[in-house]
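A.B. asks: For reference, the chains in residue letters:
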Amino acid sequence: MEKASARVPLYSRLVVALPAGLFVWFASMVPSVAGGEAQFASIGWLPQLGVDLAFHVDGLGLLFALLITGVGTFILLYASEYMRGHPQVGRFTAFLVAFMLSMLGVVLSDNLIVLFVFWELTTLTSFLLIGYSHGDSAARRAALQSLIVTGAGALAMLAGFVLLGNAAGSYSLREMLAGDSDLAGHPAYVAMLVLVLAGAFTKSAQFPFHFWLPNAMAAPTPVSAYLHSATMVKAGVFLLARLNPVLGGTDEWGMTLTGFGAFTAVYSAAVALTRTDLKQILAYTTLMALGVCVMFIGLPQSRGADEVPLGAVAAVAFVFVHALYKAPLFMVAGTIDHSAGTRDIRSLGGLRKAMPWSLLAAALAALSMSGVPPFAGFVGKEILYSSAIGSTYGVAATAAIVTANAMIVSAALLVVAVPFLGQSPATRPTPHEGRWPMWIGSLVLGVAALGAGLFPRLAFEWLLLPAAGAVAGRQPHFEASLWHGFNLPFALSVVTLSAGALAYWQRNRLTGALGSALARLPVTGDSAYDWLMNGIARVSVVHTRIVQCGIQRRYLLIVFATLGASVLTTLVVKGVIAWPARIPDVSFVEWLLAILIAASALVTIRSHSRLMAIVALGVVGTGIALIFLLHGASDVAMTQLMVETLVVVIVAMVLLKLPGFRREVRQTGLGRWRDAIVSCVVGLTTTLVLLAVTAEPSHRRLTEYFQKTAVPEGFGANVVNVILVDFRGLDTLGEISVLALAAVSAYTLINWRPRRSARAAARSKAFPEAEGAAKPETLS
Amino acid sequence: MELINAALVGVLMASSVYLMLSRNLVRFVLGLALLSHAANLLIFTGGGITSSITSRAADGATAESDSLAQALILTAIVISFSLFTFALVLAFRTYETLETVDTDAMRAAEPEPSGHPGRTDPSGRPS
Amino acid sequence: MMDLVFTANDFHVLKPAVVLCLFGCGILLSDAFLVRRTGKRWLNAVTALVGEAIVALVVLQHLSDVRAGGAFSGLSGSIVIDGFGVFFNIIFVLSGALAVILSVRYMEAEGEHRGEYYALVLFAQAGMSIMATGNDLVVLFVALETMALSFYVMVGFLRRSKRSNEAAMKYLILGAFSSGLLAYGFSILYGIAGSTSIEAIGTAVAERPDGDWVTTLALITTSVGLFFKISAVPFHMWAPDVYEGAPTPTAAYVSVASKAASFALMIRIFLSAYGSAAESWMPLLAGIALITMTVGNLAAVTQSNLKRLLAYSSVAHAGYILLGLVAANDAGLRGIAIYILAYVFMNYGAFALIAALRRDGEAAEEIDDLNGLAGRAPGYTILVAIFMLSLAGIPPMAGFYGKYYIFLGLLREGYYVLAVFAALYVAVAAYYYFRIIRACWLTGSGDKPAALDLGLGTRVALVGSGVLTVVIGVLPQRFLALAGESVLLALR
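Chains as they are written, first to last, in the working numbering: chain A, 1 to 780; chain B, 1001 to 1127; chain C, 2001 to 2492.
None of these hints come from the bench; they were simulated from the model.
Remember, it's a predicted structure, so these values are computed and weren't measured experimentally.
Heads up, the beta-carbon is just placed ideally off N, CA and C, and yes, glycines get one too.
Please note that the accuracy of each hint is not assured.
Here are the simulated distance ranges between beta carbons [what the hints assert, rightly or not]:
{"#": "1", "chain 1": "C", "residue 1": "2077", "chain 2": "A", "residue 2": "730", "range": "17 to 25 Å"}
{"#": "2", "chain 1": "A", "residue 1": "730", "chain 2": "C", "residue 2": "2456", "range": "45 to 53 Å"}
{"#": "3", "chain 1": "A", "residue 1": "609", "chain 2": "C", "residue 2": "2279", "range": "16 to 24 Å"}
Excised from the complex, chain A in its bound form (with noise of 0.2 Å):
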């Protein structure tokens, strides 16, 4: 994919200065809040909701746009050169600058809405970033997944971010922090503890939607490297260490953190022996510091709530250590795989010699991940040892994280040994180191890690403190030290290292048991999304080809089907059915006439003769005209029978040309029996709202005052012939109207003869199946 001989363009080193200065402007910052200054910004944007620009450096924030800054420059310069000669570099680049300021918005935002918004560009961002090779059907789906995973979550969150803005009155974190509003004692609690932890452990994958980071892997290496290890997922344990001081402290908030968070990170360590691409052993070790960060911001510390908060300070400190670490090591997997042209580890070895520099990153990487004195790395494992014997899941919690911290011990072995210090297979094209800008960066931030091993008061003071002083709510008093002597932690360091390297010696029979236990498991998260997302599709086509099958006939049932139904049950509900004492006196003829018409109106339905059906027709209608005329609507019985001589006539006329009901395709048992009962539904309902309507004292004021005055103003006697041709003539005017323009277009259309264009002929080829169901013409 990369020309060795292509340039680099010019813009993609210039736009390292970005970052480079970005981290420069925060880094000038440090003093000023490291002294308990924070720095605040703020432009109106919609004063309506309450929502500003409003941005806000503490010490928790400045920690986070650091790292973002700070990793960035040198992710950008890896990626300069990673992308060499590739075609679309300028928008490789203008996504990764845009996801790094998307993400500097997530962490620096005062505002919950604002954070929202950002939180979704960096979702956004990153579904261009991990879809960028298009033209991979595998990245083409994890970029989808993990858009709809984060995406999903982020929404939820939205919703607890309304509530809780709701609750404390306003979306600004900082007025937030500084009020006392309970939130704890709120009733919707638990509703906004759900909803944003659902925001917060989508986004950073914890356990049950971890799935999508791994697959995630499928991005170019400089995009895992960024997104998915220093910055994005963290965004997620950064939103819970913002929250900590809000919703925090309570036992649903400290059990479910410190549940979730020891699972994933227990989880996932072991599913990362389990790999042999060393992307996606990255991948899982990066699940298991997510775990870590997550179970120790809700850790509840057992002792006196005057002491160090040390659950705080630890998963600061973890994710510091971890962004050092971390990008490091992917991007000496990237360089790996550029040069040696594979990332799997059965089939790497003996790269020490071709790539020294690239050797000395990892291994200073790896030695800090593994916690081994005097890296960042060991510091940050010994307040997470401490803190973890100290909290109220003392056991459980220790052993968990020891476990997690011993296999993350091997697997560091895993992804820095095999590759440089085995046996070189022989089959590999030469491996060369890559250039400078592609080991610089990895170089420079091992050596941190090892500078913040050596020297752990001046990152303590001048950067962690203040951040875990923000998640705690209240400053930490902690001494900070590389050596604090032999104690339990200490004693748990050495069992881990020794634990880790033992797992490594006997890999092939861990990863053995591992991998057969894990293939166990009857679902995993991917299984499960795929589950959800098939069924969605299932739904739909399922859906579509019941109710939305293009026959109006289907239509027209359901319409009947849910009116019926509506009205019917409010009429059963609101108690309405008024079945009379006894039944009226009704004549004979009466009876007679009922009884006619309903016989009448069934043969029409089930005849299987039209002539039969055109009578029984004709039977109905001059039974109806028989009942007004009964009640003494003399003139509504003489215009009833007239039409309905004409209709059986005109009827009559046309039926007989029409095929006769012997070759009907007709429906199946259970289909008449469906439309049977919804039209017996529908029936019965109108007999049941006619009766109540007929219960129901009616208004006659309209008729007593056409009978009032016909007499006097419209000079007729006969009160519904003035009413039709004097009071409401222009109605009847309107009646004519229509009469004549059904009768112009039943003669139109009767003589009508469709021209076919020629156009038209090519659109009935273009669409076949638009065509198909007419058969060819004949009568034109």
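Assemble the complex: chain A is given as a structure, and chains B and C must be docked to it using the hints.
C.D. replies: Only chains B and C this time, still in chain A's reference frame:
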């Protein structure tokens, strides 16, 4: 009396709905005719009926079928007649053009499953 | 009795509809006597646009009147010009003008470029204008039917296309049913109140006992009639067939303007006439909204035809907008307004791109037809992305604020479950909108790729919609203020 008329309206309504749900266009048209009968009777009954008394204002009668409802029904009868005729001619023309009265066959939208509904882009779907 | 004198004020409140009808008739006449002889059919479109411009001026005049002196009414109170009506009239002017602009090239290409089409666009808009300002059941019903009849014809305007004819037929039959039910509901309301004025009905409904069955019956039948028009489930079946069959600009017009007008009518009736019966319609609307979102979003996932996909997505959007009415508070109603405003631009934009997509002169409407667009027309691909992101409701695009306000409204009323469902469906929606964006970058399969056939008008409309989608997203203040103005008056 209301009871028996209401029941009759129900029967007519049910029959017309059943016919309109039929696959056969001819039956649909018959259903339309029954629907207008049902509607007329519904207005008539809903307007309030009593015994057989003419609707003559001069008689000064107090109780009678609602003359307003009657006027409305008169209009409705005529309109539904024109609608019915038009529908009948339309059905006839449809048959002439398409040579079928099976409404299920008269569609271009959403053809049967062999067509595109449910077809998805395989690369977008989980594999 | 009614005051039968037609005053200057009556004319003033009716001005938008009058101007539209006059221009509509003018187009019919000039098309018959002038344009057909010269063969310059675009003149009809120009006439229509001049009409829209004049209506726009009238509407702005109404806006300043309302801002200066509050709402005013005419025709014995059967038309009310308030912030609500003015806001929707702005929406209608925008969508009418966009429909005209987009139609020129499309109808030309389909060989159906006739003057009646533009006249129908204006007639439909006249109906919508009254739908948003009417305050009397009869007026509202007549307005609704004016709109609906124009749309029936417009949907079937491609006389030679079977799909277009079939769509018109389905739309007509189902539409007639819905109108019948609506009329039935209105007649019950009249029965309750003995008046057709919305205020009088509101008072009469409030006087009925709680949970009165007559009110509920009226509610159900009117809602069913209106659910049809906004294509809420289970009365949405016409939408995909109609969108697919109709000329694409008409599909856009139906999906945006007809929906907006029906929502305007719905909001006025539900809040003013049924305002006191809120407990009985809130669960009904909430249920319908939830089903509508579910069905719309899930069904859209597997569509391969762009117009059908947008049809289902517009069903889903109707569900979201309904949720605003469920919340029925300031945030919810403001959300509806801003949602519809954003919807105008993003949906027209999306439909405009589909309308312009052609292969060998034939309309290309499948998602796969977008393949390779990124290489051939990168600028328009960015527009595709903007419209789709906005439709999905992803910040910072215009579509975000409508959803956001509606969430806000729901959460303030304590509808947590509904809000979370609404939020999660955004993720499902993102799934299918991103399929469209992604299709632009995929390489096509061998045969001749579809190309964009853009007239000058379409270009301007497209870029304008794209820019506004982004501008509303990034600097929403003024637009939110306008939307807010519409709502507070509607709530009264």
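A.B. asks: Next, verify each hint and record whether it holds.
C.D. replies: The hints, checked one at a time:
Between residue 2077 of chain C and residue 730 of chain A, the C-beta spacing of about 23 Å keeps the proposed range 17 to 25 Å intact. The beta-carbon spacing between residue 730 of chain A and residue 2456 of chain C, approximately 47 Å, falls within the hinted interval of 45 to 53 Å. About 54 Å separates the C-beta atoms of residue 609 of chain A and residue 2279 of chain C, a value inconsistent with the hinted range of 16 to 24 Å.
Hint compliance for this structure: hint 3 is the single one not met.
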